[in-house]
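Produce the complete structure using the sequences and hints provided.
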Amino acid sequence: MANVATAIPATPAATLPKRPNPVLTFVRQQPMGAASFVVIFVMMFAGLFPQLVAPYDPLGIDFAQILAAPSLDHWFGTDAYGRDIFSRIIYGSRTALVIGFSSSLVGSSIGAVLGIASAYFGGRVDTWIQRFVDILLAFPIIVLALVVVAAIRKTVIYGVDVNLIIAIAIPIIPRVARVVRAAALSVSVMPYIDAARAAGYSDTRIIFRHMAPNVVAPFLIMFTAFIAQAILLEASLSFLGLGVTEPTAAWGLMLSGNAADFYREAPWMVIFPGVAISLAVFAFNLFGDSLRDYLDPRFKT
Amino acid sequence: MKRLLLGLLGVAAFVLAAGPKAEAQTPKRGGNLNFAISAETPHYDCHGSDTYATLHFSSPFYSTLLRYNLSKFPEVEGDLAKSWTVSPDKLTYTFTLHDGVKFHDGTPFSSADIKATYDRLRNPAKGVVSNRKATFADIESIETPNPTTVIFKLKAVNSSMLDHFASPWNCVYAAKDLETDPNFPRTKINGTGPFIFVEHVKGSHVEGKRNPNYFKKGLPYLDSYRGIFTLQAAAMLNALQGGQVLAEFRGVSPAERDRMVAAMGKNLRVEESSWTLNLLVLFNNEKPPFNDVRVRRALLMAIDRWGGSVGLSKISTLRAVGGVVRPGSPLATPEAQLVKLPGFSKDIKAARAEARRLLKEAGQENLKFTLWNRNLAMPYTPAGVFLVDQWRQIGVQVEHKQSDTAPYIAAMRSGNYEVAIDFSNLFNDDPTLSLTKFLSAKNNPLNLARYNDEEIDKYYELQLREGDITKRKQYIQALEKRLFEQGYQQPLLWWHRIVLTNKKVMGWKMSPSHNLGQDLAEVWLNE
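Line by line, the protein sequences give chains L and C.
If you read the first sequence in our numbering, its first letter stands for residue 394, the second for the next number, and so on.
If you read the second sequence in our numbering, its first letter stands for residue 11, the second for the next number, and so on.
None of these hints come from the bench; they were simulated from the model.
Since the structure is predicted, the reported quantities are computational estimates derived from the model, not experimental observations.
Hints should not be assumed to be uniformly reliable.
Heads up, incomplete: computed chain L residues facing chain C, CB under 10 angstroms, no partners named [to be verified]:
id, residue
1, 475
2, 654
3, 657
Ideal placement from N, C-alpha and C gives every residue a C-beta, glycine not left out.
The following block contains the structure:
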């Protein structure tokens, strides 16, 4: 009998399917998300290195240029003090990003910890945390921020109003806590959590080492989405005179004050800051949505 | 014949042209005036207030001994006083009062009420606030030989005394009310003014009705009025445009004026005047490095007031450059002299170079501080933005802190500030009124800059006692020079007043002070 045994061709490692590049996959699957990231990136670059982008000093008064229309010298025109609006928008992105990122990070992180703790401990702890969350959720986000900012006034550290960050972060906490709790509830019944408990790990270790990493997807999505909310809130509070003060370059502030007096003669005073706010909020919201679609397995089936 | 016809035609044309105008100027009786008050008074007591909000609220209910004739400002005329004489040594003021005057509750008015009022002003009982205590410190005694005569005897000659008697803050109260409760006027109203108090709805309005027993016969013309509290400028302008209110008597910005002119056209009356109001740059002279004259002078020298006034006058109520007395008024320092004083040079380049040198000499090249300001848009915010920009140009970093009025005043009074924007709210051009703010802090709660300077006190006293106007002017200028050379505090810019009224409102008189002429007695509606 002839030996019919045939050699099994060796499978070279090179032929194994490659793990796709997550960035390219994201770009392919979420082109709008990628485009919004480009906007965010530009905004972040402008915020980090405004002096490289802005052609003028954002605080420099030039009474000879009061209410100058958009031109080659002043792309977005000038305001009632003769300040270059384009430069103020560039520097304003720093204010928006610092307050947006910090508020969202603080609010989302506290909310995530509360949400995970609520799901992990259950019982009375869960009830108390959730009723507290219910109370905070009963207030519209802008009303709650207004109350907090009016109550705690201002504390400026290195040019940043820390209390403004806290005021914006507080309304974010219950919203993140509620979503993260839902995700954490399903994680808390996983066998590896039982195993960790059986191994005698502390509650803190289980929450931060074993549960938190597994709810990072909803956390990231909420964090991104709330940056947009925080930027909008900062602009609203500044518009109402409760946020940053003149002469700081801030988008919301650019819409109030003299802009209210001169928007008829100089509509560019309100159009360009308004577009900047809309663009930033739109980009962060779109990026958050795209991130959710990309990370959520349900959207892949 | 032809001449006669032409003459008749000329007369007819004159009558046609002048007729309706003359008719329009004849006051009409009746009607209700709604006007806006941009702030609500914290209480009703004129004696214990510094805000116009109290006067726009309370003035129609009260009379004063003297007052300003706004048609010939700053000429003084009688209100409750029919006439007065001043003794040759200027130490005795004798007033003859109107007869038959009654308070709103029917109590007859007499010289005893004037005495009780001025005793309260100069020597308030415990628990009573009188912001005019220092103003009347020169009064030695008040005598009332009969119900229609009151005699004020002074300890020393006071050049400003007649102006002080015409102050709108000296509302005359009933002696019997003050006997019952020295703080009666703080919460209740009983005056001799043209209107009787009807109601005060907090957060909404104050209402008054015609006083049928007003001692000036035929006045007031209005049946009633309602002062509506419109704290937001936009709400006030919308109400004026919509006819819900017919006036706002304090003042608006040039941009607001232009908006309203465009919106209301010929139905709007615009009146403008320089204003007896200024903003001041204030240093806390107790806090280093502002206890160093070089630092204070450097900061004042960096401010381009002349350039700033051109720009800021387009976007705010700030306009005129001036010293301690309103520019353009008789005792003001002329521009030629003013430009020689620190902070007023027209050569801003050289002034800033000198400012940098002074800062370097004081070891403050990298100076950083917080500028306290009120969070009122007009004109405090533009002033703050302007100052931050000016100081950045000599390398100084400033944090602009705008706060509500209450914490702002608390910080000023407690000395918990470094540099601030303060205001001086005057009702006339008499220098004594404006100079009081600059007297040494040890005897003067109005000095928020917290310094003591005997030279300034000396010049103040000299000008106060001087009857000769030329000499008085010299003392005022000497005080001003000392104040600016030391840089304790300094006027930034003087305000410009723009008042908008609906053309239906007649008889109201414009003046350089929003504290004057608010009793509404001669106001009428052309409807």
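We went through each hint and held it up to the structure:
{"no.": "1", "hint": "475", "verdict": "holds, 7 angstroms"}
{"no.": "2", "hint": "654", "verdict": "holds, 4 angstroms"}
{"no.": "3", "hint": "657", "verdict": "holds, 7 angstroms"}
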